[in-house]
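**Student:** Single-letter residue listing:
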Amino acid sequence: MAQDQNRIWVIWLSLLAAMLLTIVPIPTAIEVYRPQWLALFLIYWAIALPQRISVGHGFLFGLLLDVLTGTTMGENAFSLSLITFIAHQGHARLRSFPFSKQAFAVIALLLIQKAVSFIAIGMTLGITTQNYFWLTPLIGAALWPSIFFILRKTRRRMRVR
Amino acid sequence: MALIASLVLMVMDFRFHQLQYLRDSLTVVLHPLYLIADFPKTAGNWLSDTASTRQQLQSSNASLKEENLRLLARLQKFESLQAENKRLRNLLDASLKVDDRILIAEIISVDLDPYRHQVRINKGSASGVFVGQAVLDADAVMGQVIQVTPLSSTVLLISDATHSIPIEIVRTGERSIAIGTGKIGSLDLPHLPSHSDIEVGDFLVTSGLGGKFPAGYPVASISSINRDTNSGFAQVSATPTAYLERSRQVLLVWRNDQNTAGN
Chain C
4 MAQDQNRIWV
14 IWLSLLAAML
24 LTIVPIPTAI
34 EVYRPQWLAL
44 FLIYWAIALP
54 QRISVGHGFL
64 FGLLLDVLTG
74 TTMGENAFSL
84 SLITFIAHQG
94 HARLRSFPFS
104 KQAFAVIALL
114 LIQKAVSFIA
124 IGMTLGITTQ
134 NYFWLTPLIG
144 AALWPSIFFI
154 LRKTRRRMRV
164 R
Chain P
107 MALIASLVLM
117 VMDFRFHQLQ
127 YLRDSLTVVL
137 HPLYLIADFP
147 KTAGNWLSDT
157 ASTRQQLQSS
167 NASLKEENLR
177 LLARLQKFES
187 LQAENKRLRN
197 LLDASLKVDD
207 RILIAEIISV
217 DLDPYRHQVR
227 INKGSASGVF
237 VGQAVLDADA
247 VMGQVIQVTP
257 LSSTVLLISD
267 ATHSIPIEIV
277 RTGERSIAIG
287 TGKIGSLDLP
297 HLPSHSDIEV
307 GDFLVTSGLG
317 GKFPAGYPVA
327 SISSINRDTN
337 SGFAQVSATP
347 TAYLERSRQV
357 LLVWRNDQNT
367 AGN
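Protein sequences, first through last, are from chains C and P.
In case it helps, my numbering puts the first sequence at residues 4 to 164.
In case it helps, my numbering puts the second sequence at residues 107 to 369.
Hints are computed from structural coordinates only; laboratory data are not their basis.
The C-beta atom is built at its ideal place from N, Cα and C for all residues, glycine as well.
Any given hint might turn out to be false.
[To be verified] SDA-like, lysine to any residue: derived pairs with alpha carbons at most 25 Å apart:
| hint | chain 1 | residue 1 | chain 2 | residue 2 |
| --- | --- | --- | --- | --- |
| 1 | P | K147 | C | V35 |
| 2 | P | K289 | C | G73 |
| 3 | P | K289 | C | I122 |
| 4 | C | K117 | C | W137 |
| 5 | C | K117 | C | F136 |
| 6 | C | K117 | P | V114 |
| 7 | C | K117 | P | P296 |
| 8 | P | K289 | C | T139 |
[As the list claims (entries may be wrong)] Partial list, derived from the structure: chain C residues whose beta carbon lies under 8 Å from chain P:
| hint | residue |
| --- | --- |
| 9 | V27 |
| 10 | P28 |
| 11 | I33 |
| 12 | E34 |
| 13 | Q54 |
| 14 | G73 |
| 15 | T74 |
| 16 | M76 |
| 17 | A80 |
| 18 | L85 |
| 19 | Q92 |
| 20 | S149 |
| 21 | F151 |
| 22 | V163 |
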């Protein structure tokens, strides 16, 4: 029945939107500060609907992100599976955190993706990254409250369960 | 499980390059995302095209006509030189052909990973693009095609840290290899001995060795030389001549022999 549907497509659509935000052209000067949209969205869904989003989704969307942005296959698949796994395991605790504490957890999770990329860039390209490479998790954490509210509103309005 | 799978994927992709098929098919699936991301720019171009006034069009038309005339004049000279060159080569019994077939493609304006210098273009295997093909902009060599799907392909720029291009110094004829640094405005020439005859401002063109790039296209100019190294090699860097970041349209080149053999 139509009313009983879980409307998982909303989640998929939001994750596709996150991938779109990752490749939308922005000026080169601020390109390195681009937030890790897909990781942020996956963290939200893993916390809000742990019965719907788990490691497999992190892996699949990470792989798609690898293809989309031309990174080594598996680089983002690895980090996003790990992030989704941790968020999924700790969803009960993360939900009860106040925003400030949640933001710190988000920084830690986003740093995982950065660290994995750092190692992959070092190994495949043999170059080092600039210091501001490590700043994007902070930007992600600053955006976290608004992402949280927007996605929660979407989830409630669309009755995603 | 997923972690192990992704580690295996990484090793397979980087060490053995065996995932091209998977990457190609997923790229085809994701093609709509590229088009959506590119849409604002395309729409903006369309708007500015349709909204431009009669006067603007007239002035741009006039300047284009002037430019065309100038280029035609230069072409006349070039054609006589080409004929002369052909005649001389015939005398020498050498069979080098100057004409290369080209195709114009447009860059899809999406941002890929900032540490990997790749761009996507809107022509693919349906237009005969192939992996390893040389890509130029109006001024110089930009890079080479590393992946093709039916409707689009990925170009690796010469500034990428994994890219090397065989070059020749125009003034002296000395050959070397220019390696990308991962920074958009600079290439390294690590194989030049410290006593070699190079100067700041020397032009580098493709040497045609290696068989990927056709010979004689401009690549870069030497921007700095440091001969005081202990290794016996000079530290030479060069600035790419192509506008790697700002180009919107690119040229795909078929070398003459590839043209007759492959297509």
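**Student:** Does each hint fit the structure? Answer for all of them.
**Tutor:** Structure-based check of all given hints:
1. P:K147 to C:V35: Given that 25 Å is the threshold and the Cα spacing comes to 20 Å, the pair holds.
2. P:K289 to C:G73: holds (17 Å)
3. P:K289 to C:I122: Satisfied, since the Cα-Cα distance of roughly 18 Å is no more than 25 Å.
4. C:K117 to C:W137: holds (7 Å)
5. C:K117 to C:F136: holds (8 Å)
6. C:K117 to P:V114: Given pair K117 of chain C, V114 of chain P holds - Cα atoms ~19 Å apart, limit 25 Å.
7. C:K117 to P:P296: violated (30 Å)
8. P:K289 to C:T139: holds (20 Å)
9. V27: This interface hint holds because 5 Å falls under the 8 Å limit.
10. P28: It holds, given that the least Cβ distance between P28 of chain C and chain P is near 5 Å, below 8 Å.
11. I33: Violated, about 10 Å.
12. E34: holds (5 Å)
13. Q54: violated (18 Å)
14. G73: holds (5 Å)
15. T74: holds (5 Å)
16. M76: holds (4 Å)
17. A80: This interface hint holds because 4 Å falls under the 8 Å limit.
18. L85: holds (6 Å)
19. Q92: Check failed: Cβ of Q92 of chain C comes no nearer than 14 Å to chain P, outside 8 Å.
20. S149: violated (22 Å)
21. F151: violated (24 Å)
22. V163: violated (22 Å)
Of the hints listed earlier, those the structure fails to meet are numbers 7, 11, 13, 19, 20, 21 and 22, in rising order.
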